[in-house]
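Engineer: Chain by chain, the residues:
Protein chains: 2
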Amino acid sequence: MTALRALVFDVFGTLVDWRGSIARESQAVLSSRGVSLDWPAFADAWRAQYQPAMEEVRTGQIPFSKLDVLHRRNLEVVLQEFGIRDLDEATKVHLNLAWHRLDAWPDVARGLQRLRERYRIAPCSNGNISLMVDLARRNGLPWDAILGAEIAHDYKPKAIVYQSAAAAFDCTPHEVLMVAAHSNDLAAAASAGLRTAHVARPDEKGPGRGESAPSVPVDLAARDLLHLADQLDALH
Amino acid sequence: MTALRALVFDVFGTLVDWRGSIARESQAVLSSRGVSLDWPAFADAWRAQYQPAMEEVRTGQIPFSKLDVLHRRNLEVVLQEFGIRDLDEATKVHLNLAWHRLDAWPDVARGLQRLRERYRIAPCSNGNISLMVDLARRNGLPWDAILGAEIAHDYKPKAIVYQSAAAAFDCTPHEVLMVAAHSNDLAAAASAGLRTAHVARPDEKGPGRGESAPSVPVDLAARDLLHLADQLDALH
Numbered sequence: 128m129t130a131l132r133a134l135v136f137d138v139f140g141t142l143v144d145w146r147g148s149i150a151r152e153s154q155a156v157l158s159s160r161g162v163s164l165d166w167p168a169f170a171d172a173w174r175a176q177y178q179p180a181m182e183e184v185r186t187g188q189i190p191f192s193k194l195d196v197l198h199r200r201n202l203e204v205v206l207q208e209f210g211i212r213d214l215d216e217a218t219k220v221h222l223n224l225a226w227h228r229l230d231a232w233p234d235v236a237r238g239l240q241r242l243r244e245r246y247r248i249a250p251c252s253n254g255n256i257s258l259m260v261d262l263a264r265r266n267g268l269p270w271d272a273i274l275g276a277e278i279a280h281d282y283k284p285k286a287i288v289y290q291s292a293a294a295a296f297d298c299t300p301h302e303v304l305m306v307a308a309h310s311n312d313l314a315a316a317a318s319a320g321l322r323t324a325h326v327a328r329p330d331e332k333g334p335g336r337g338e339s340a341p342s343v344p345v346d347l348a349a350r351d352l353l354h355l356a357d358q359l360d361a362l363h
Numbered sequence: 128m129t130a131l132r133a134l135v136f137d138v139f140g141t142l143v144d145w146r147g148s149i150a151r152e153s154q155a156v157l158s159s160r161g162v163s164l165d166w167p168a169f170a171d172a173w174r175a176q177y178q179p180a181m182e183e184v185r186t187g188q189i190p191f192s193k194l195d196v197l198h199r200r201n202l203e204v205v206l207q208e209f210g211i212r213d214l215d216e217a218t219k220v221h222l223n224l225a226w227h228r229l230d231a232w233p234d235v236a237r238g239l240q241r242l243r244e245r246y247r248i249a250p251c252s253n254g255n256i257s258l259m260v261d262l263a264r265r266n267g268l269p270w271d272a273i274l275g276a277e278i279a280h281d282y283k284p285k286a287i288v289y290q291s292a293a294a295a296f297d298c299t300p301h302e303v304l305m306v307a308a309h310s311n312d313l314a315a316a317a318s319a320g321l322r323t324a325h326v327a328r329p330d331e332k333g334p335g336r337g338e339s340a341p342s343v344p345v346d347l348a349a350r351d352l353l354h355l356a357d358q359l360d361a362l363h
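If you're matching them up, the sequences are chains R and S in order. Using this note's numbering, you'd call the opening residue of the first sequence number 128 and step up by one each time. Using this note's numbering, you'd call the opening residue of the second sequence number 128 and step up by one each time.
One or more hints might be untrue.
Below 27 Å or equal to it, Euclidean Cα-Cα: the simulated DSSO-like pairs (lysine-lysine) are [unchecked claim]:
no., chain 1, residue 1, chain 2, residue 2
1, R, 193, R, 285
2, R, 332, R, 285
3, S, 193, R, 285
4, R, 193, S, 193
5, R, 193, R, 332
6, R, 193, S, 285
7, R, 219, R, 332
Some chain S residues near chain R, calculated using beta-carbon distances under 10 Å [said to hold, decoys possible]:
no., residue
8, 195
9, 261
10, 263
11, 278
12, 295
13, 298
FYI, nobody ran anything at the bench for these hints, they're computed from the structure. Cβ atoms here follow ideal geometry from the backbone N, Cα and C, with glycine treated the same way.
Given only the sequences and the hints, what does the whole structure look like? Please build it.
Structural biologist: Shown next, in the form of structure tokens:
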């Protein structure tokens, strides 16, 4: 790890609790319109549209579109699934921006502050720049830059997304550590030449429904970002 | 100014003293190799190559290249002009990165902290992302994101650079204020639809060789970033 110069991070699930936050935000917006439903199930259904929508970009069926745009298209599908009709445009816009109002896991702000002392840090997320900026402001995330899908004009797990992040930091892929709570993200990053660190988020998708350990080979595995910082400190 | 949502900034000259810093850094690197010369003149000569190099990108003669790459090509020209030969590669690399070691004007860190309270802020510079990151770390500049030429894959004053910065923040151009010490930069930003603020840097290119006032119509004109923050506060 001696030549490591930068750390890039998955965000949804790894740094922020998308499921609990989307459930809360959806309830806040929709319950005042008389809607009552299983809010975590609504969050899961919205998230279930995520990969298929990005796949249309990855395969070239549609041109690159910001995740906010895909989230909005997916929202229409989910509203229909749950039988929610006649929402006005302003409400839909506000509900779609629920993805800008996600809360970070408790270790994240302090962990990033520590990791930033030794390394350049940036998100390498499929979220768009403005979404990342709003999450950073809300949760006090001290990014050096916002990298990821909108810079690369494509979506993870395509190699170009990881490689563009490294290039923006003037790093070779091997000088960059990709940090994520998802083994498939880390496997793709490793294939693109990056080093990898897994962070356990065992309750990401509900109690016990998250990765408590990686299912692929990784360079480091940590309980949270503070544990990751401890491990990297120990290498110095 | 009620609908203003983001501020984007020119960097070289507006936020950082490129001339004094490049003179100091060049002297630090070259004097130990026995070189003695007029260091501010060396800085001016290097900077004189800046616009012609970017013009090759803007006109499509060469593909987009990071400013670090153009600076390096320009360095070779300037070394020859000053009769400096036989520098080893590591020295040239270190000298070229002098542009990552520029000092901010005294009002900048505090001014940006204040401006960030109300608005999203980012550089909209021709400098590349890693260069902006190093200047931010050195000088404590609290950017929300790094926008500008490397995001747009073209160089100011092309309209796409200003418009890409606005789009990354989910803003219309009119919701964004471009801040610069150079009237030509502000005229181009205004043509691209942005609002404009001039900041006086009367000594940018040496004593009395900088703009103390704009020579084009602007929305705001300030003595420094703190004065700009005062003016924006007064609108609320």
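Engineer: What's the verdict on residue 193/R and residue 193/S, does the C-alpha distance respect the 27 Å limit or exceed it?
Structural biologist: Holds - the C-alpha atoms of residue 193/S and residue 193/R are around 24 Å apart, at most 27 Å.
Engineer: The hint names residue 298/S as touching chain R; please verify it with the least Cβ-Cβ distance against 10 Å.
Structural biologist: holds, 9 Å
Engineer: Hey, residue 332/R versus residue 285/R, does the alpha-carbon distance stay inside 27 Å?
Structural biologist: holds, 23 Å
Engineer: So if I understand the rule, the pair passes when the alpha-carbon distance is 27 Å or less; does residue 193/S with residue 285/R pass?
Structural biologist: holds, 23 Å
Engineer: Verify the proposed pairing of residue 193/R with residue 285/S, using a straight-line Cα cut of 27 Å.
Structural biologist: Holds. Residue 193/R to residue 285/S sits at ~23 Å (cutoff 27 Å).
Engineer: Would the stated hint for residue 295/S survive a check requiring a Cβ distance to chain R of less than 10 Å?
Structural biologist: At 4 Å from the nearest chain R Cβ, residue 295/S passes the 10 Å test, so the hint holds.
Engineer: Quickly compare the C-alpha distance for residue 219/R and residue 332/R to 27 Å and report which way the hint goes.
Structural biologist: holds, 24 Å
Engineer: Can the hint on residue 195/S be confirmed by a CB-to-CB distance to chain R that is less than 10 Å?
Structural biologist: holds, 7 Å
Engineer: Keeping to a limit of 27 Å between CA atoms, is the pair of residue 193/R and residue 332/R held or broken?
Structural biologist: holds, 24 Å
Engineer: Should the hint that residue 278/S touches chain R count as held when the rule is a Cβ pair under 10 Å?
Structural biologist: With Cβ-Cβ at 7 Å, under 10 Å, it holds.
Engineer: Should the hint that residue 263/S touches chain R count as held when the rule is a Cβ pair under 10 Å?
Structural biologist: holds, 7 Å
Engineer: Is the interface hint satisfied for residue 261/S? The criterion is a beta-carbon contact with chain R at less than 10 Å.
Structural biologist: At 9 Å from the nearest chain R Cβ, residue 261/S passes the 10 Å test, so the hint holds.
The earlier numbered hints are all upheld by this structure, with none contradicted.
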